[in-house]
Every structure is written in C-alpha cells, then in structure tokens.
Amino acid sequence: MPKLTLDDLAKIREKTKRTTEIREGGDYRAKITVHMGTCGIAAGARKIMNAFMQIMEDKEISDVLLTNSGCAGLCSKEPMATIEVSGQAPVKYIDLTEEKTKQIFEKHVLGGDIVKDYALGIGSEKTDY
Amino acid sequence: MTEKNKDKTFRIHLMVCAGTACVSNGSFEIKEALEKEIKKYDLKEEVLVVTTGCNGFCERGPLLVVQPGNIFYQQLKLKDIPHLVEEHFLKGRPVEKLMYSPPEEKTPIPILSDIDFFKKQVLIALQNRGLIDPEKIDEYIARDGYRALAKALTEMTPEEIIKEIKESGLRGRGGGGFPTGLKWEFVRNATSPNGGEKYIICNGDEGDPGAFMDRSILEADPHCVIEGMLIGAKAVGASQGFLYVRDEYPLAISRLNIALEQAREYGLLGKDIFGSGFDFDIKVTRGAGAFVCGEETALLASVEGKLGEPRPRPPYPAESGLWGKPTCINNVETWANICRIINRGGKWFSSIGTETSKGTKVFSLVGKINNTGLVEVPMGITLREIIEDIGGGIPGGKEFKAVQTGGPSGGCIPKEKIDLPIDYESLSEVGSIMGSGGMVVMDEDTCMVDVAKFFLTFTQDESCGKCTPCREGTKAMQQILTRITEGKGKEEDLSLLEDLAKSIKDSALCGLGQTAPNPVLTTIRYFRDEYEAHIQEKKCPAHVCRELNTYTIDEDICLNKGHGCDLCRKNCSADAILGEKKQAHKIIQDKCIKCGVCYDVCNFGAVKVD
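Protein chains in written order, with my numbering: chain A, 539 to 667; chain B, 346 to 955.
These are computed hints drawn from the structure, not numbers from a lab.
These figures come from a predicted structure and were not determined experimentally.
Hints are supplied without guarantee of correctness; some may be wrong.
As the list claims (entries may be wrong) - In silico lysine-lysine, PhoX-like type, Cα no more than 20 Å apart, as pairs:
#1 936/B with 906/B
#2 465/B with 615/A
#3 549/A with 906/B
#4 541/A with 616/B
#5 884/B with 915/B
#6 931/B with 664/A
#7 664/A with 464/B
#8 541/A with 481/B
#9 835/B with 811/B
#10 939/B with 927/B
#11 651/B with 811/B
#12 927/B with 615/A
#13 424/B with 541/A
#14 833/B with 811/B
#15 481/B with 555/A
#16 883/B with 915/B
#17 549/A with 496/B
#18 511/B with 553/A
#19 436/B with 465/B
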C-alpha cells in the first residue's frame, strides 16, 4: 500500500467509524467485545470468545460483530465482555462463563434485554476530559 | 476538574454525550450549534463545551448535561439550540420543556461512569482501553489515532513540540519523574559524535512485583506508544527507535509487532512519513527479564547486546547513550501521554493534577483489595480515594494497614497517611516514591518485617553484582532481616540496618542499589514496634513469621464443640498432635514444626496461635 496522506488518514477514520460503530441501518445490529488482555485470557476470555463464535456459527448469525480488545481495567471481575446493541447503550458483563454467554447472547444480543444479573453497568467510561 | 484549572474557570460546563447512539442522533451537530451560539453571545470565556462518553440514556439522546446543577436536556434538536443558549446560558433561565428528570428507578443496572471503580478515574494514557481491537490500526485511527503525528509532522517545528511538552508539565512515568520536555530538549541540543544519529528508546522493562501498567498499555493500545515515539523522534531529531519489552510479555510483543507492521504498511513508519521528509522506524528488543535492565544505562547495554549492567552517570543517555549517541529514553506510559498532549495542548494537560505533578498516573492496584485492577487517576487524588472508593476497600472486613508504592525501590505508607494526596513530592516526603505505578495494598494480617524481607530478597536476587554496596550490602541486610523473622534478632540489629541502608543509598552505582533500602527504612520508620516485637519478645504480631508462632489447642473447645474430631491429628505431618476421636487433643511443642496446618483445618477455632 502506498504511503498514507493526511486525506487518507481522515478517510480511514470516517470509514472505520462507520463500520465499527453500531447504528441503525448499519452493517451490524450488535457488537460483542471480549476483553482479552493477558489478565482476561488468564481468567478464561478465550473460552468466552470461542463460546460466542460457536453460538454465532450454530445460529448462522452474520450481522453481529464479534471482536476483541484489551484489558478493561477491572481485572478481578474478568472474563469481561461489552455488548452494544444498535440504538442502545453498551453494557459491560463481568465474571463470565460459557453458560452465561449463552444467556447473554440469547436475551441481550438477539432480544435486546439486558441480563441484569450478570451486568456490571451500562454506558461507557469518561474518556474525554 | 474545573476547580483545578488555574488558568481559566468556566461558569458553566456543557457535557454533550458523544456515545455512539447520541452521535448517530446528531450530537456533534448539536455541539457545533452550541459553540456557534456561544460565540455569538460572546460567552466563550464563560461556557465550556465538552464531549463525554455514553451515560446510558441513549433512548433520550442527543443529551446535554449542564454543570453545575446537573440539568439534563434531552432529545435536542438543532432548532432548540439558539433559544436554549439565549435563555439558559445568557439569561440564566433553564428551559424546562427540554428538560428530563430521570425517574427514581433510573435503569435496571448502574450507569458505568457512576460506579465507584470508574467514577474517579481520568483516562489519558488509557483512553482507548477496552474500546479498540489492538491488532487493527484502522480502529486506532478511527479514535483520532495518528492525528497528533500528522499535526507534529506537518504543522509543528521540533522546538514547538518540545515547548508543548514542557508546558504540559509531563514528568517521567517510569518512576524518576524527570521533566519529559526538558529531557527532549537536552537530546535535541546534544551533538552526536561525527554528526551521527540520535536514538529514541521506549523502556518497557516493567519488573516491579505486582506491576502491570506498561503491559496493559502495550497490549490494549500499542499504536499510542508508537505514535508518541514518532513525535518524540521528530522533536529530538532521531531516525531510529527501540522498544525494549521483557520477553515475559509475549502478548504485548506480538501485538506490538503487528502494530509496527501495520504502521509500516501505511507508511507511518519508514521514509518520508506523510510526505514531510521525516524518516523513522522502530525495532522491538526483547529483554531477558533481568530487573536491573529497567535502569536506563543497563538497558542501553542490553540493547547494544552487552551484559545488562549499569554504568555511572554522568554522562547521561541524553548526552551519550546508545553506542555513544544522544538517546532519549522514556517509559511506556510517558510515551502513551504524548499524542494526547499534542492533540489537546500542553495547557490542557497541565490543568489536571497538582502544582508539581501534572496529568494522570496509571496504577496497578493489587494485594488485599476488593477491586484488583488497572486504574488511571489524576495526580493529587488521595490514597484513601484510590483504596476505599476505587479499590472498594479491603476484603473480608479486615483493617487496612499499609500500601506499598514504587515496587522494590519504594516504601510502605502506613494507615495514618491514607489522606496523602499523591504526587511525586508527597510520596518522596513519606519515604516512598511514585515509581512506575505498582500499588500493593496490605491488611492487618501482613507482617511488615516479612514485607521488608520479601522486597530485599527480590533486590538481592536481582542485584547485578557490579558494585559492592549493592551486591554485599543488600545481602547483609537480607541476612539481618531473616534472622529477625526467625526470632534470632539482636538488640543492635535495627541500628545496624539503618546504618547499612544509609551507606548503600549513598554509595551504590545505580538506582536499583540506591533505592533498595527504601522498603526497610519505611517499615522501620512506621512500624518500629513490629520490629521490636520480633527482636525483644520473639513474637510476630501478625503471626506470619512461622518460627515465632506457638500453636496450642484449647482443650475445652476441642472436646465440647469439636467432639475431638481428630482432623488436626490426621493432617499433622510431624506427628506432633496427641489425641483420639472424642477426646481433647494436644500439641507436643518439641515436635511441632509450626506449619500451621492444624490451625487452618480446625473447624471449631480450637487451635490458637500466639
């Protein structure tokens, strides 16, 4: 790929925002982020990632974006995942197990209802100051 | 942080929600409209518009929260803005018809930014944590990645970059706290022998027990470190960088290499970046895990392929570093702050924190604490806020005893100092250091002599052996501490420890040796009574030092409550317990090896330790 120009940078920024941000009429109806730093992986995040992949394969679902990210900060509550359904606020789930991922996928990702018992909080951290 | 913004105080803060849902509902357009109206009424000096993360009321977006007053405007439309600005911010009459009062039962689950763990954190170095896939450069770019680099390369001179960093007040986050801008200026002004190169190094040799700040940053957001180094390279005039990461961090190394490869593909590393004529590339150097290699001169030797041993300073690396060339070494977290400072300005950064310590600090909060994790807090926050609010206090209702900061070079800060506001100076006043950010919380069950012994054993192991004070001195101190914990301490041991500590501090070659006595000195300073109990009464008040414990069985409890359950006898590997089922048991002190198993297994609290 040729060298990036300032215009290219802006284009990538806009394009990626469009594809990774979950919005009405976009490519995806929901986004699942499994937090996979060393801490998360040690606590079993790979199993959680695999469980989500398996569910999506079994149900032949392609309009849910499954991705990974680094440590979300609260290492003692891992494995953690963030679910963001189109038009709704992101929700962080903690202390995940394969069984919990099934319920979360069924109720929240597909049904739009937050699984209150496993959720830590709704919304996001303050990242601007 | 308005109250700490010394240069400017705004009368009103407008927080526009920039969560995904609000943005797709047009919150950026609302922000622009607000700014336009504010300018129109000449309120720019009084009203500040900022964007915030999602606060969970997406169905009511776009949202605007007005502070002070916590007034909540909802479902704003562009046409509402001129009226709103004129009525509320100019004339001071809040517009009721646009307001929304959240019902008592707000949402079924808490708002994330209201949760104590997150509430007091301020994310600068960790701004992208949990939000991007670290293996996709496009996701980093989508969150304004490489925008600061573009600005630095196309709009700023090296002098302007250095000026901005100096103005920010950023100080080295690896522990030393040296002003970053000043260091850059030294490297910029240093002449390389024979007109040769200058180098940039990122120190990722994080080795303090219980510290994982650098690892987390490298794993979650490798590009922000790369971007910081690129900007630093332009500022000091370097064309080659080295990222020194310990090999125990395989995930960090793998994500870094992916990130470097992607940056090269985009031409963000290599020749003529952004067509500006600036060349720079970065190589990852893996460290073999020697703690001393975190010391900058030992690190330089290690990168050069030599034995990782320190050398005397001066000359400082800024003058004569890698292969004798001027070299700028900064820690991972320092580099992670750079792009934000360039994007938002040094003045903004310096509005956060205390008089002498600006910005935020990342800490890894570990030990006897409910919320173990990685936290980024503004300088000046108190230890109490970190431990009680963010950390959620001590598990099991135990009492907080001390917190160890700065790793093996730091010290133990006692309960009495829990209201200490954290900055470089206040920590050093109490005998500890900021260090790279390890924060180990200890409860009442911790023996402070044992803690001092632990850290001294660590530095003794890691001492490279080049200079005598560190090699022999730490060994002597370790031996004294060991004998104190074994009940063989002598009356004069405390003053001997203090004398040794002073000599080592004064004479060791590098930072490792010079700071090694700190854990011992601070524990003697704040917990002298515990040392004295070990030495004079041969007792460990926290019952940690095994040799000093005496185990006995309360025969009454054993018989009447436990009915002589016999569990202790079955588990005793030394055959030191006499008794049979349904009889009271007894420990034969001569045979007891003080392993404490009987105490741990007894379900009735019949085994006592003293």
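Comparing the hints with the structure gives:
1. 936/B with 906/B: Distance ~26 Å between residue 936/B and residue 906/B Cα, so the pair is violated.
2. 465/B with 615/A: With a Cα-Cα distance of about 18 Å, the restraint between residue 465/B and residue 615/A holds, given a limit of 20 Å.
3. 549/A with 906/B: 75 Å, violated
4. 541/A with 616/B: Since the Cα atoms of residue 541/A and residue 616/B sit roughly 9 Å apart, the hinted pair holds (cutoff 20 Å).
5. 884/B with 915/B: Given that 20 Å is the threshold and the Cα spacing comes to 28 Å, the pair is violated.
6. 931/B with 664/A: Violated - the C-alpha atoms of residue 664/A and residue 931/B are around 60 Å apart, more than 20 Å.
7. 664/A with 464/B: 8 Å, holds
8. 541/A with 481/B: The given pair, whose Cα atoms are some 17 Å apart, holds under the 20 Å limit.
9. 835/B with 811/B: 30 Å, violated
10. 939/B with 927/B: Between residue 939/B and residue 927/B the Cα gap is close to 24 Å, so the pair fails against 20 Å, i.e. violated.
11. 651/B with 811/B: Answer holds: residue 651/B to residue 811/B is near 14 Å, not above 20 Å.
12. 927/B with 615/A: 44 Å, violated
13. 424/B with 541/A: 43 Å, violated
14. 833/B with 811/B: 31 Å, violated
15. 481/B with 555/A: Status holds; Cα separation ~13 Å.
16. 883/B with 915/B: 29 Å, violated
17. 549/A with 496/B: 16 Å, holds
18. 511/B with 553/A: The hint is violated at about 35 Å.
19. 436/B with 465/B: 33 Å, violated
The structure is inconsistent with the numbered hints 1, 3, 5, 6, 9, 10, 12, 13, 14, 16, 18, 19, although it conforms to all the rest.
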